[in-house]
Amino acid sequence: MSLFQGMDTSASALTANRLRLDTIAANIANANTTRATFVNGAWQPYKRKMVELSPVTGQSFDNLLQAAIGTVTGQTEQGVRVTAIREDNAPFKRMYDPTHPDADAEGYVLLPNVDVMKEMVDMISASRSYEANVTVLNAAKSMMMKALEIK
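Residues -18 to 132 in this note's numbering are what the sequence shown spells out, letter by letter.
Some hints could be false.
Simulated pairs of lysine to any residue, SDA-like, Cα-Cα distance not exceeding 20 Å [as the list claims (entries may be wrong)]:
1) K99 to P36
2) K74 to N13
3) K30 to L91
4) K74 to R(-1)
5) K74 to T15
6) K74 to L46
7) K30 to N11
8) K99 to P79
9) K122 to A(-8)
10) K28 to L91
FYI, nobody ran anything at the bench for these hints, they're computed from the structure.
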């Protein structure tokens, strides 16, 4: 096991969580955008975007744990990566506002499928994950400094 493996794992998680936070911020910023994409001759509202994460190795957590403690040999590269940024296919919200410039013939406006409360929960989760990985990096740095002092 490499001395810097824990730092590499945390660094990959920091990068992934930063992208999650950026995507959540974009979702919140576009929560009221009714003209985001032009599809089939008509404007469509903004679609919520979601980040998909997966392990770097594609192995199960149990295999990674066994490799970390040395009972299983093989690839021990660990971490997380972004596999995709998908659009949420949930239906758009409809609001009755006949004075809105994007209202249809019946007076309804299609609004983005972004739920700000759900985005705030996701933001707290991503922020806590980011903070936890910063703590892991600081702990690894502290252990390395103590090891240098022993020498």
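Query raised in the report: Quick check: which numbered hints come out false for this structure?
Result: Going through the list in order, the structure violates hints 1, 4, 6 and 8 and respects the others.
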